[in-house]
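Heads up: the sequence lines are chains A and B, in that order. For the record, in the first sequence the residue sitting at position 76 is 262 according to the numbering used here, with numbers rising by one throughout. For the record, in the second sequence the residue sitting at position 149 is 470 according to the numbering used here, with numbers rising by one throughout.
Just to be clear, a hint being listed does not mean it is correct.
Example chain B residues on the side facing chain A (calculated, C-beta under 8 Å, incomplete) [as the list claims (entries may be wrong)]:
1. T527
2. Q550
3. T553
4. D565
5. D566
6. G643
7. K644
8. I647
No lab work stands behind these hints: they were computed from the structure. For every residue, glycine included, the Cβ atom is placed at its ideal position computed from N, Cα and C.
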Amino acid sequence: MNMKLKKNIALSESGFVFDPTTGDSYSLNQEAREVVRLMNEGKELSEITDYMVSIYNVGRNDFEKYFFDFASMLRQFRLLEDEQD
Amino acid sequence: MNRIKVTVALTGLNNTDNPGPGVPVIRGIRDSALFDPRIVGLAYESMEPAIYMHDIVDHTYRIPYPSEGAEILIRKVLEINETEMIDVLIPNFDAELLAFMKAEQQLREAGIKTFLPRIEQFEERQKSNLPSFGKKYGINVPFSKEVVSQSDLDSLRDDFEYPLVVKGRYYDAYIAYNREQTGIYFSRVAAKWGLPVIIQEFVRGTEVNVVALGDGEGNTIGAVPMRKQYITDKGKAWSGVTLDDKRMLDLTHDLINATKWKGGMELELIRSEENKFFLIEINPRIPAWVYLAVGAGQNLPEALVKLALGMEVKPFKTYQTGKVFIRYSYDLITDIKEFEKLSMEGEL
Numbered sequence: 187m188n189m190k191l192k193k194n195i196a197l198s199e200s201g202f203v204f205d206p207t208t209g210d211s212y213s214l215n216q217e218a219r220e221v222v223r224l225m226n227e228g229k230e231l232s233e234i235t236d237y238m239v240s241i242y243n244v245g246r247n248d249f250e251k252y253f254f255d256f257a258s259m260l261r262q263f264r265l266l267e268d269e270q271d
Numbered sequence: 322m323n324r325i326k327v328t329v330a331l332t333g334l335n336n337t338d339n340p341g342p343g344v345p346v347i348r349g350i351r352d353s354a355l356f357d358p359r360i361v362g363l364a365y366e367s368m369e370p371a372i373y374m375h376d377i378v379d380h381t382y383r384i385p386y387p388s389e390g391a392e393i394l395i396r397k398v399l400e401i402n403e404t405e406m407i408d409v410l411i412p413n414f415d416a417e418l419l420a421f422m423k424a425e426q427q428l429r430e431a432g433i434k435t436f437l438p439r440i441e442q443f444e445e446r447q448k449s450n451l452p453s454f455g456k457k458y459g460i461n462v463p464f465s466k467e468v469v470s471q472s473d474l475d476s477l478r479d480d481f482e483y484p485l486v487v488k489g490r491y492y493d494a495y496i497a498y499n500r501e502q503t504g505i506y507f508s509r510v511a512a513k514w515g516l517p518v519i520i521q522e523f524v525r526g527t528e529v530n531v532v533a534l535g536d537g538e539g540n541t542i543g544a545v546p547m548r549k550q551y552i553t554d555k556g557k558a559w560s561g562v563t564l565d566d567k568r569m570l571d572l573t574h575d576l577i578n579a580t581k582w583k584g585g586m587e588l589e590l591i592r593s594e595e596n597k598f599f600l601i602e603i604n605p606r607i608p609a610w611v612y613l614a615v616g617a618g619q620n621l622p623e624a625l626v627k628l629a630l631g632m633e634v635k636p637f638k639t640y641q642t643g644k645v646f647i648r649y650s651y652d653l654i655t656d657i658k659e660f661e662k663l664s665m666e667g668e669l
């Protein structure tokens, strides 16, 4: 598993996400920004989980559940590179 | 560099909540580094705001509606031309285009250049012809049917499911969720725009648009896609953002190439939930949001004037994505004497 945002998606420091294909925009909170940054660096789920549980007060199982929810939302909005148009 | 003096006459000065394209087209021309324009406004109504915007329009004349007769309209324009020596005429309303297209030769002989679609191009993209247009050019188009009376509406259940879209010949579109609403909207649209009324299949999705300019030889001079971000209760874009969507641009280039489209156009598309594009309308003129394209790097109104004057125009290659336009309303204070002058003398 190696998920990344599509290359043309603009992600700002503030967490503002703009999809130039659809014109949709989203805002990410601090935690989501970090997850997306790690995804875009090509980190595996286990590495992302290692990092997030070391920083935040969250268990591995809980984090992975939240992560898959978040990933399915990104997929639903067609923001992931592995999505077919 | 000395800028080229050019006199451009335009309609569409109704910068209202249902805006005509006149003001944004003028702004594009005024932004030009090439031209030093004199703008002659042609107004159908006395309260079209741009008549009173003297930094936008230099002089305005009242002209008769095309419904009073195309000959009367053209005669008035030729009369104005005797004073103004118009170089380029840019009609901005669908309902007047045919009159100006038919008079192209007559206007040219008087020194007035236009750059309008050819009559067959104009006709084949009419809303009522859209299904065959889609078939001919391989574009997804929602199913539609012309109706001319209330009794025709009863047979719609054979071909349509609700909701469906009730559209006027030139403007207006309403989504009807049942037979009763269809009847109400039919009457409203028919009273305003005449018959036939077009009933179109409703495609669920996001509306996206492209403003484009074709050179009449199959080349796309410019094209900018946009998504409406805020839509008024009249369905007009009050704000929008430029998009980077190769499929929309490819569709536009292919269409202009296949039709050899001449002049400005707006493609109205629906991006369905399955991520397919459906063409719901082609407006045969520059749309009111064209200044977004200017702001994004493609001054299409300037390019249109150049094409009309027979100048060489190189196609635009790029534009900026993520450029946003937001309309605003503004109270312009004028004097009743200005209104009086326009009403009594027919010009201001």
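For each hint, the structure was consulted:
no., hint, result
1, T527, "holds (7 Å)"
2, Q550, "holds (7 Å)"
3, T553, "violated (17 Å)"
4, D565, "holds (4 Å)"
5, D566, "holds (5 Å)"
6, G643, "holds (6 Å)"
7, K644, "violated (10 Å)"
8, I647, "violated (14 Å)"
Comparing the model with each earlier hint shows violations of hints 3, 7 and 8; every other hint is respected.
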